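Undergrad: Residues per chain, in single letters:
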Amino acid sequence: MSECGDCHGCGAASVVEFPGPLASPKIVALAGPPNSGKTTLFNRLTGLRQKVANFPGVTVEQHTGIAELPDGRSVGIIDLPGLYSLSPQSEDEQVAHDVLTGERPDTPRPEAILLVLDSTNLSRHLMLAAPILALGVPTLIILNMADDLRNRGGHVDTRQLSAQLGAPVALVSARQGEGIDEVFEFLASAMPAPAPMELPVLHDVPKCREWAGRVGSRASYRPPVPPKWTRRLDSVFLHPVAGPLVFAVVVVAVFQTIFTAAVPLMDGLRWLFEVSGKWVAATLPDSIFRSLLIEGVWSGVGSVVVFLPQVLFLFLFIGILEDSGYLARAALIADRTMARVGLQGKSFIPLLSAYACAVPAILSTRTIENKRDRFATILIAPFMTCSARLPVYTLIIAAFLPNRPVLGPFLGARATALLGLYLLGFLAAVVTARVLKSSILKSGHTPFLLEMPSYRWPTMRSIGLRLFDRAKVFLRRAGTVILLVTVVLWIMAHLPPVNGKAPAIEDSLAGTVGRTLEPIIKPLGFNWKIGIGLVTSLAARETIIGTLGAIYGMDPESHKLGLQKALQHDLTPGGAVALLVFFAFAMQCISTIAVVRRETGGWKWPILQFTYMGVLAYGGRVPRRAPDQVIAASPPPPLPETRW
Amino acid sequence: MQLSGNNVQPETSSKTLVDLRRGDAATLDHIDLPGKDARRLMELGFLPGVRITAGHSAPGGDPRVFQVDGSEIALRRETARRLKVRLDKTRPAPGMP
Ligand SMILES: Nc1nc2c(ncn2[C@@H]2O[C@H](COP(=O)(O)OP(=O)(O)OP(=O)(O)O)[C@@H](O)[C@H]2O)c(=O)[nH]1
Ligand SMILES: [Mg+2]
Numbered sequence: 000m001s002e003c004g005d006c007h008g009c010g011a012a013s014v015v016e017f018p019g020p021l022a023s024p025k026i027v028a029l030a031g032p033p034n035s036g037k038t039t040l041f042n043r044l045t046g047l048r049q050k051v052a053n054f055p056g057v058t059v060e061q062h063t064g065i066a067e068l069p070d071g072r073s074v075g076i077i078d079l080p081g082l083y084s085l086s087p088q089s090e091d092e093q094v095a096h097d098v099l100t101g102e103r104p105d106t107p108r109p110e111a112i113l114l115v116l117d118s119t120n121l122s123r124h125l126m127l128a129a130p131i132l133a134l135g136v137p138t139l140i141i142l143n144m145a146d147d148l149r150n151r152g153g154h155v156d157t158r159q160l161s162a163q164l165g166a167p168v169a170l171v172s173a174r175q176g177e178g179i180d181e182v183f184e185f186l187a188s189a190m191p192a193p194a195p196m197e198l199p200v201l202h203d204v205p206k207c208r209e210w211a212g213r214v215g216s217r218a219s220y221r222p223p224v225p226p227k228w229t230r231r232l233d234s235v236f237l238h239p240v241a242g243p244l245v246f247a248v249v250v251v252a253v254f255q256t257i258f259t260a261a262v263p264l265m266d267g268l269r270w271l272f273e274v275s276g277k278w279v280a281a282t283l284p285d286s287i288f289r290s291l292l293i294e295g296v297w298s299g300v301g302s303v304v305v306f307l308p309q310v311l312f313l314f315l316f317i318g319i320l321e322d323s324g325y326l327a328r329a330a331l332i333a334d335r336t337m338a339r340v341g342l343q344g345k346s347f348i349p350l351l352s353a354y355a356c357a358v359p360a361i362l363s364t365r366t367i368e369n370k371r372d373r374f375a376t377i378l379i380a381p382f383m384t385c386s387a388r389l390p391v392y393t394l395i396i397a398a399f400l401p402n403r404p405v406l407g408p409f410l411g412a413r414a415t416a417l418l419g420l421y422l423l424g425f426l427a428a429v430v431t432a433r434v435l436k437s438s439i440l441k442s443g444h445t446p447f448l449l450e451m452p453s454y455r456w457p458t459m460r461s462i463g464l465r466l467f468d469r470a471k472v473f474l475r476r477a478g479t480v481i482l483l484v485t486v487v488l489w490i491m492a493h494l495p496p497v498n499g500k501a502p503a504i505e506d507s508l509a510g511t512v513g514r515t516l517e518p519i520i521k522p523l524g525f526n527w528k529i530g531i532g533l534v535t536s537l538a539a540r541e542t543i544i545g546t547l548g549a550i551y552g553m554d555p556e557s558h559k560l561g562l563q564k565a566l567q568h569d570l571t572p573g574g575a576v577a578l579l580v581f582f583a584f585a586m587q588c589i590s591t592i593a594v595v596r597r598e599t600g601g602w603k604w605p606i607l608q609f610t611y612m613g614v615l616a617y618g619g620r621v622p623r624r625a626p627d628q629v630i631a632a633s634p635p636p637p638l639p640e641t642r643w
Numbered sequence: 000m001q002l003s004g005n006n007v008q009p010e011t012s013s014k015t016l017v018d019l020r021r022g023d024a025a026t027l028d029h030i031d032l033p034g035k036d037a038r039r040l041m042e043l044g045f046l047p048g049v050r051i052t053a054g055h056s057a058p059g060g061d062p063r064v065f066q067v068d069g070s071e072i073a074l075r076r077e078t079a080r081r082l083k084v085r086l087d088k089t090r091p092a093p094g095m096p
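Same order as they appear, the protein sequences are chains A and B.
Take the first sequence: its position 195, counting from 1, is numbered 194 in numbering that gives the first Met the number 0, and each next residue is one higher.
Take the second sequence: its position 26, counting from 1, is numbered 25 in numbering that gives the first Met the number 0, and each next residue is one higher.
Bound-form chain B, shown alone (with noise of 0.2 Å):
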């Protein structure tokens, strides 16, 4: 992966729904959309450190059904790449929270 020179972010924090294949799970970090859009997906249970699964999708991988919350949610490609996650590992890398 290309690192643009002054971005020191760590490479987790740039991951989005979008990256989660089936059965990984992540922690909702931020949603980056609009106030009200968020306020919708935030009330259906995508609040910043819930934790989500990714589960089957439509053929093609879009859209796709997350477990988030009690409940099964399917999101647009374009919807799920603006709720940026962090990635559970199963085994975290020492240092990681």
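If we strip away everything but chain A, and leave its shape as in the complex, we get (with noise of 0.2 Å):
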């Protein structure tokens, strides 16, 4: 999971390694259709934080943890993707499939299961007790979403049941902890192997159902009434009209809210470093090591920090819509475009994702059954605006684009700016899909099923948790990736020394580097300090600007200035247009490489999608420059506003 580590989109709890030998514990593996609460009952066994979402296909790789029992035993808890049988169709479902059958080289076969279902929707999900218990393990059926039942008036009686299928059976509720006991009794106890009982044949469909209903009747299994809340907000959601009204009036809301709401606690960060670099200023002696904290950690790093606010506004609205169900209606409503460009109504699910971050995305497609679909896919996630490129987007349009209003009080020109960058990914995305499925890709069709989850109502908790681990990661970066860059380009800054004193920026080792580069960006209109930016940007996006920063903060013409307003010294609008497209199209993400090509298993699609995401980064801008128009000559036209 290294690639997790540094990227925005996943930050959850690190993953515990099975301890060695000496300890040797149980391991034991959930397992249960999609979206039934298997991460959710993970989760809460191991203490981690693995990402819940209400909509199917969350989990696509195994996740190891350990659960302490109450006598002080530990038992190893693997968390799979979810299952519909164990006759598997997708990439997350054979994983599912070889670990619990013991296939998977890397991970041991589970000495027993947890087989988690949706007690709302008993009779179906009983279906893949068949399987399970076919395969011979002692296995503890966990009848999920007590609490919901309950709610609903469903009914089902958990010691008939048990009788039935020869195995023990815990009513639970994952996320309110109800039941729990029950499943730490059975991990502590023995674990006797099922009873055995009369099965059906597995590979006949409608005998499993038939045997799930005669189970469930004979347990007296009352299902619940269906959700009258989930159809009344469908009426609104899915509305011929207001549906997609809807949908335009959230966008909006997202894009102003991360340009208005965002900017107090902006300001409030960027006095908070001023005023500390002000006083590590005024404390420590003059110094080289003053200089670097000053110059690389204060305006460097800082400079990246103070966006937090706005990542963190962005996670809000990923959370509540991944957390209420409302992500799978709008994969509904999306799934006309992507019909269009000859895609799976599925991949829509991936490309939302790739909002937060393209990596986990990315593992995600795993859920697509075609794999030409699932590699078309795979190539067009980079292209959906990451939240890394979110700081470096309002950066840059913050600093050359007045704050007029476009529609009244409600949308105003930056917020419309950068709805358009996200529109302009998102073009790019389908049309390249387009040309991928109607050329190398082509494939026949898959069927497009998606299951609608009901809605919930997402918890304080759970939004304010995924928050806290957001922010974690975000500042982990800072505190390292970034810090270490700007620490690396100080230092060559400082280098050759001039008389004992650092020399001339321009002059400096990092200068050399930057104006080496600059012929080869010259035409897209950018001097050598973006060509440094651009070149650390490799490592992760928001990275140039913690390299502007740190540039600007040491050399003492820009220094005064702040960020912005360096910038419209050192760029003109039109240059700031390239950058734009620039970070849009580009692929400037090594985790990002890493994870393609692990999952399409070799290098050739990850360089074929660097090399065409490169040429349109570099070439989407050369043919529309005007002769003039390179490198800062005229002065920028002066902005009114200098807030965000």
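Bear in mind the hints are in silico, worked out from the structure with no lab data behind them.
Every value quoted in this text rests on a predicted model; they were computed, and no experiment measured them.
Honestly, I wouldn't trust all of these hints.
[Unchecked claim] Which stretches of chain B does chain A cover? Using the computed rule of at least three CB atoms under 8 Å from a CB of chain A, they are:
{"hint": "1", "segment": "14 to 24"}
{"hint": "2", "segment": "28 to 36"}
{"hint": "3", "segment": "40 to 52"}
{"hint": "4", "segment": "55 to 64"}
Glycine is no exception: its CB is placed at the ideal position from the N, C-alpha and C atoms.
The two chains are supplied separately, each in an independent frame; assemble them into the complex guided by the hints.
TA: Structure (structure tokens):
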């Protein structure tokens, strides 16, 4: 999971490795249909924070953790992707299947299984009990969502069900912790193998369903009434007119909030960095170390950290979208667009999660059954505007675009520009998909099936934890990659010394590297400072901000100006547009390249993708360049407003 | 409706899920898809004999959500067309099953 460590999109807790043979705990796997609450239970048992969301196909690889039993022993728990049966049709199901049957070399075969079923839809979910019990492994049948079952007037006799299945049954609410004791009891017990019972022929789905229905009715299962609120909300969200309207309003509100509500918080952070920087400058004696601290760390790392509130707002919206169940509806509304470019409706969910980060998005393409569709989705996912691009976009937009109202108080020019950039990325993605799907990745159709989950209230706790985890990832990145880059940059900017002093920044090692690059990027309207930023942004896109912050911090001319003003000196408006386009298209992300290689099983696709995106990023701008538009020659027009 | 010469099949058997409007219900007759795809649909509850109700849809009517066996599942038109159904009449015509 190394890619995940340095990425915004999957900030969950790191996963515990199995301890050595000394402890040799039992290994127990969580299995069940998609969206039945396996990961919620996993998190509750292990205290970890793997991603939970309200749509099928969230977990796409196995995760392991340790559950501490009340008696002090520990048990290894494996969380698995969802399964409809033991005849896998997609990559994620294959993972679950292989772990359960012991066919995965990197994972020990589980000694017991916790089968997590949704008790509000028991008759159908019980079908999976047949193949799982047939494995002959000790199994606890967990009927999850007990709270929901009760609230909607459903009922089941667990004792009878247990007798029917020959295995223990527990009625649990993983979300509220109800019935978890029974799970711990099972884990602490000798874990008996299931009693031999008559099971249906596994390949005969109708027979399995008949069997499940019979078992359910013998356990006096009474299904709950249909979720009233889901129907009501769907009559709005899937209304032919109101639905798309709500969709548009939500999108506009998100962008406007990113530019308005986040501002006071960002100003606060900036103020904090200014004050603490002054304090450090006043407290420490004048030394090389102090100048590294002030010029490198404070102006470099600080200029990135300022964007934390904005990134958190984005994740707040993504969290609400995913936890409420609206995401599946959005995928439904967007399906026509996907179909037009030849893609599956299911591709939309990875694309949406790519707004957070391309790495987990590329992993989540495993739910797409058709391999060619899956590859096409992997190839276009990095075009979606990930959260690392957001700070870069907002910095440049705020530096070059005054914030005039566009739609009265509801939408400002800056939010509109940001929205435009997100659309640009999306358009590049769908056009590319269209090209791929009508050429090298042409394929037949696999039917599009998407289960619509019931709407659920996102809990404060789950949203709060998500934001906390994201903040941690963001700050960790600022404190590691970006810090390292700025320190290296600072050192390079101070070499070679001239008369024992730092050279003028243009003549330093860093400046020389930048000016060597200048001819290549000049056609785009960038000078050497931006060039250095482009190089460092390969480590992580937002590093360019830290880099520019540090360069301006060291350059006495721009030192006083602040990042935005200094940028206006260095970029023409044309150059600013080119820079935005460059960030929209270029695949500047090592983690993404690594995960594409892993998921496609070779270098062929990541190389193709990197080249294609690079050509777009570079070539997208050249033809429209006016000859006199090279490098800031004329002073930029003054902007009346300097706030964000 | 034009009847082709020697087609003696009752009209209902040529109906598919696509013909259902919102709120209409029907009984699934058979799935006209290759084994693997049909199997996945069956695992999701689309079994012959089951009652399916058409629900909301994306703007333009495609894809549409169907209520089947306790869950709501969205299908594209191209897939729904392959699910042959018998319409449930509120007042079944005499002689109909
Ligand atoms: N009401 C209620 N909701 C629950 C309960 N357990 C889980 N959920 C919700 O069900 C949804 C799915 O939970 P997950 O834990 O992600 O399900 P999963 O089985 O891991 O899903 P996949 O990884 O997609 O297979 C989330 O919105 C949870 O908050 C429960 O006991 N009661
Ligand atoms: Mg999960």
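Undergrad: Tell me if chain A covers the segment 40 to 52 of chain B under the three-residue, 8 Å CB rule, please?
TA: With 7 residues closer than 8 Å to chain A, the segment 40 to 52 of chain B meets the three-residue bar; holds.
Undergrad: Are three or more residues of the segment 55 to 64 of chain B within 8 Å, CB to CB, of chain A?
TA: holds (count 8)
Undergrad: Checking C-beta pairs, does the segment 14 to 24 of chain B have three or more residues closer than 8 Å to chain A?
TA: violated (count 0)
Undergrad: Between the segment 28 to 36 of chain B and chain A, see if three or more residues pass the 8 Å beta-carbon test, and mark the coverage as holds or violated.
TA: With 3 residues close enough to chain A, the hint holds.
Going through the hint list in order, the structure does not satisfy hint 1, though it satisfies all others.
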